[in-house]
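Respectively, the protein sequence lines represent chains X and Y. Just so we're aligned: 381 in the UniProt record's numbering is position 381 of the first sequence, and the numbers increase by one with no gaps anywhere. Just so we're aligned: 44 in the UniProt record's numbering is position 44 of the second sequence, and the numbers increase by one with no gaps anywhere.
There is no bait here: all hints are sound.
Identical chains blur together in the list; that is why a pair holds if it fits in one copy or across any two.
List time: in silico DSSO-like cross-link candidates among lysine-lysine, alpha-carbon distance up to 27 angstroms:
| # | residue 1 | residue 2 |
| --- | --- | --- |
| 1 | 251 | 212 |
| 2 | 31 | 285 |
| 3 | 368 | 31 |
| 4 | 335 | 407 |
| 5 | 63 | 10 |
| 6 | 335 | 5 |
| 7 | 174 | 368 |
| 8 | 10 | 56 |
| 9 | 183 | 310 |
| 10 | 436 | 415 |
| 11 | 86 | 63 |
The set of hints was computed from the structure by calculation and includes no laboratory data.
There are 2 protein chains.
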Amino acid sequence: MASVKPSVPKGTRDFSPAEMAKRNFIFDTIKSVFRKYGYQQIETPSMENLSTLTGKYGDEGDKLIFKVLNSGDFLSKANDQYLTEKNSNLLTASISEKALRYDLTVPFARYVVQHQNEITFPFKRFQVQPVWRADRPQRGRYREFYQCDADVVGSTSLLNEAEFVQIYDEALSKLGLKDFTIKINNRKILSGVAEVIDKGDSIIDLTVAIDKLDKIGLDGVIKELLDRGFTQADIDRIKPVILLQGTNGEKLASLRSALQASTVGLQGCYELETVFRYLQYTPLKRATLELDITLARGLNYYTGAIFEVKTNEVAMGSIGGGGRYDDLTGMFGLKGLTGAGISFGADRIYDVLEELNLFPASAVAGTKVLIICFDEAGEAYALPLLQKLRNSNISAELYPAGAKIKKQMDYANNKQIPFTILIGSDEMQSGLLTLKNMESGEQEKLTGEDILAKLIA
Amino acid sequence: MASVKPSVPKGTRDFSPAEMAKRNFIFDTIKSVFRKYGYQQIETPSMENLSTLTGKYGDEGDKLIFKVLNSGDFLSKANDQYLTEKNSNLLTASISEKALRYDLTVPFARYVVQHQNEITFPFKRFQVQPVWRADRPQRGRYREFYQCDADVVGSTSLLNEAEFVQIYDEALSKLGLKDFTIKINNRKILSGVAEVIDKGDSIIDLTVAIDKLDKIGLDGVIKELLDRGFTQADIDRIKPVILLQGTNGEKLASLRSALQASTVGLQGCYELETVFRYLQYTPLKRATLELDITLARGLNYYTGAIFEVKTNEVAMGSIGGGGRYDDLTGMFGLKGLTGAGISFGADRIYDVLEELNLFPASAVAGTKVLIICFDEAGEAYALPLLQKLRNSNISAELYPAGAKIKKQMDYANNKQIPFTILIGSDEMQSGLLTLKNMESGEQEKLTGEDILAKLIA
Numbered sequence: 001m002a003s004v005k006p007s008v009p010k011g012t013r014d015f016s017p018a019e020m021a022k023r024n025f026i027f028d029t030i031k032s033v034f035r036k037y038g039y040q041q042i043e044t045p046s047m048e049n050l051s052t053l054t055g056k057y058g059d060e061g062d063k064l065i066f067k068v069l070n071s072g073d074f075l076s077k078a079n080d081q082y083l084t085e086k087n088s089n090l091l092t093a094s095i096s097e098k099a100l101r102y103d104l105t106v107p108f109a110r111y112v113v114q115h116q117n118e119i120t121f122p123f124k125r126f127q128v129q130p131v132w133r134a135d136r137p138q139r140g141r142y143r144e145f146y147q148c149d150a151d152v153v154g155s156t157s158l159l160n161e162a163e164f165v166q167i168y169d170e171a172l173s174k175l176g177l178k179d180f181t182i183k184i185n186n187r188k189i190l191s192g193v194a195e196v197i198d199k200g201d202s203i204i205d206l207t208v209a210i211d212k213l214d215k216i217g218l219d220g221v222i223k224e225l226l227d228r229g230f231t232q233a234d235i236d237r238i239k240p241v242i243l244l245q246g247t248n249g250e251k252l253a254s255l256r257s258a259l260q261a262s263t264v265g266l267q268g269c270y271e272l273e274t275v276f277r278y279l280q281y282t283p284l285k286r287a288t289l290e291l292d293i294t295l296a297r298g299l300n301y302y303t304g305a306i307f308e309v310k311t312n313e314v315a316m317g318s319i320g321g322g323g324r325y326d327d328l329t330g331m332f333g334l335k336g337l338t339g340a341g342i343s344f345g346a347d348r349i350y351d352v353l354e355e356l357n358l359f360p361a362s363a364v365a366g367t368k369v370l371i372i373c374f375d376e377a378g379e380a381y382a383l384p385l386l387q388k389l390r391n392s393n394i395s396a397e398l399y400p401a402g403a404k405i406k407k408q409m410d411y412a413n414n415k416q417i418p419f420t421i422l423i424g425s426d427e428m429q430s431g432l433l434t435l436k437n438m439e440s441g442e443q444e445k446l447t448g449e450d451i452l453a454k455l456i457a
Numbered sequence: 001m002a003s004v005k006p007s008v009p010k011g012t013r014d015f016s017p018a019e020m021a022k023r024n025f026i027f028d029t030i031k032s033v034f035r036k037y038g039y040q041q042i043e044t045p046s047m048e049n050l051s052t053l054t055g056k057y058g059d060e061g062d063k064l065i066f067k068v069l070n071s072g073d074f075l076s077k078a079n080d081q082y083l084t085e086k087n088s089n090l091l092t093a094s095i096s097e098k099a100l101r102y103d104l105t106v107p108f109a110r111y112v113v114q115h116q117n118e119i120t121f122p123f124k125r126f127q128v129q130p131v132w133r134a135d136r137p138q139r140g141r142y143r144e145f146y147q148c149d150a151d152v153v154g155s156t157s158l159l160n161e162a163e164f165v166q167i168y169d170e171a172l173s174k175l176g177l178k179d180f181t182i183k184i185n186n187r188k189i190l191s192g193v194a195e196v197i198d199k200g201d202s203i204i205d206l207t208v209a210i211d212k213l214d215k216i217g218l219d220g221v222i223k224e225l226l227d228r229g230f231t232q233a234d235i236d237r238i239k240p241v242i243l244l245q246g247t248n249g250e251k252l253a254s255l256r257s258a259l260q261a262s263t264v265g266l267q268g269c270y271e272l273e274t275v276f277r278y279l280q281y282t283p284l285k286r287a288t289l290e291l292d293i294t295l296a297r298g299l300n301y302y303t304g305a306i307f308e309v310k311t312n313e314v315a316m317g318s319i320g321g322g323g324r325y326d327d328l329t330g331m332f333g334l335k336g337l338t339g340a341g342i343s344f345g346a347d348r349i350y351d352v353l354e355e356l357n358l359f360p361a362s363a364v365a366g367t368k369v370l371i372i373c374f375d376e377a378g379e380a381y382a383l384p385l386l387q388k389l390r391n392s393n394i395s396a397e398l399y400p401a402g403a404k405i406k407k408q409m410d411y412a413n414n415k416q417i418p419f420t421i422l423i424g425s426d427e428m429q430s431g432l433l434t435l436k437n438m439e440s441g442e443q444e445k446l447t448g449e450d451i452l453a454k455l456i457a
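Here chain X stands alone, though its shape is the one from the complex:
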């Protein structure tokens, strides 16, 4: 057999025990906060019918969906003409009926419509599962990655938006972040800005341009707006809005005045004010909440609030985002059900916590104590103690007898096991076992009972 070292498909990853412990810390923390706010977990199948997914992510997205080949003699049902012409695009539908989940939102919408008679609305669900995209792999971009979403469907209340701010604040604070900003905007304000300069149709052009303020500065944005057909007069009217300064309250006051001619713009102001009002009762732990009217992510999608979260401690793209989208389930024929949701970027959060050294030792702790012995007599002596340790809920291992002590110590060190218990013939005779603290190197002779008491403490 060839001994070529095996590998994983490009853009996919193995997760080692150390990586899994850290990932579990992130996911468990976020899930516990979701639950505290009344969100409930669901899971959907990795494969969806291809027809469920196509047409939901735009033409570019459709190309990035991984299709699963039909089982058995898939060519028997294939279209002959497409085969002869080698037309991959058109052939796909006749040899593939299923595809891998591309995000969690479309499967959630499908779930809601399919199970609408079993669901109590408002339905607050969270979902933490992998998704797959045939993107070109690059640093920080994978073909398989976990999404971590919470969405509520069937409630127009802006209390939901306020709670999303609290969920971000609480989860990221619990993860150890100390300085991060939750940016909030509202699509209706962007619509209002376009409306007051009579460019309602150009809202995409407008937002694409002002979204770049951070990167290209005011002059760059103005140039881009001129290129996209806005007049100098338009720009003069928009400029104060783009350059909005001050507290969130001051910004809202300026917006109310700039948007007084736009009903939708004023509705956007009202919605933001309401979210801020809900939040006044409950001070945020560590987050800064910032109204940022240049925030336009996923504009084609969101119809109300828009969220984005950034850490201020390291250079990193957004670590979370979301918003409200009316008519979540319309794509599956159930009209008029509004949804709002947020997502945590687990891979980026992982990198941030790693860089800031924020993973707590307790979160990544594995086996607490390794019993080291030398022969079968030692094993027999060790086994009742091993059982007592485990009965006291201590993760414990006995290294099988026969290996040299150095090898057993290396095992403890490599697995970062903080304590070892040595059982040699002296120890068995005296009943005093050697407990070694692997970090300090300190050793002491104790009875099994004393070791147990010490490790439980």
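Fit chain Y to the given chain X structure using the hints.
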């Protein structure tokens, strides 16, 4: 847009919040036991290179592997002749490079070989991830299902086998099962039985026949053995072994005597005796351990111990199984690394716990209290209390104002929320809120502080 109700691919499932809570209870319990015994979690990608998987599961298995269509213009690289001949089998390799994980063992072997220089052996890993098989769906058989495996690689010690018995015992006891049997056998004993009748080559025929003892009885087994070419003299020598009775110790004594002419058979006896000896220090909690020499599952695969677990409380196939397989990683060019492992059948365990009504209320508890109010003033009054509840780690929700009280009560009932707090104008004036126990219907008037104290307790 068509309003055909969307669905999932056949053989796949959505999991509702109630189902997820129960599944999490099962997986969390098993994982906590794995960890206590020093097993560490890894994850591998859902997609493996097709070449990693093919040839590992036999011809039938290969057909059941879900292949992923190459992205982009996949036909441009397709073999023309196979296309023209519509030869699905041969075309597959030229339009598909990746496939979905079929089990957790082959990806684990691949992982060990790929990461051998980072791994400390013995490597004790567990893995809980979905696998996919293009089987014909039927009751209890799905095309996507979770496997839940623990394996140790790089240790020949029979202590590992003993610990697997303990892990089954502890995990299934924790899940609430009261009466279950862990069957154990050893491939070397089966080899020994074949050897003593000079039918070493017919071990498969032998074991396939005696494996059916439960179903077809002794006469059936004898008939099948005769059909498979065994002589009456062979059968006379095997019969005492098949009909082995008594305690495990008595069975082993009989086997030792029957297999005295077979070195491999005696080795099998020694291995079983050693496992029993390890276990004598640590009484099993609820499991019965039974030496069953008719147990032959996965015979082509296992080389030492063989395990199978059955509940005695309801009629159900095996809820777990495993064994030792020498040369786990040989398929990827790393020879001589022995492995042993066990698996829990999560879907069957789910059905057993459901039938026996063993899911504890605490495991499936979601939101603990719903605050019900009637208008914006009520919301404003409720929000600080809501925050205090959550700060005390109580899952709490506020139903957005505006809905009728009946609707809010229905929401609490449907979500099985055990408590509601009612805030109307009387309550706001007096500061005494109504706390309702949704199960008993009992109501009392309490201050916010008293409610908090009561719900924390």
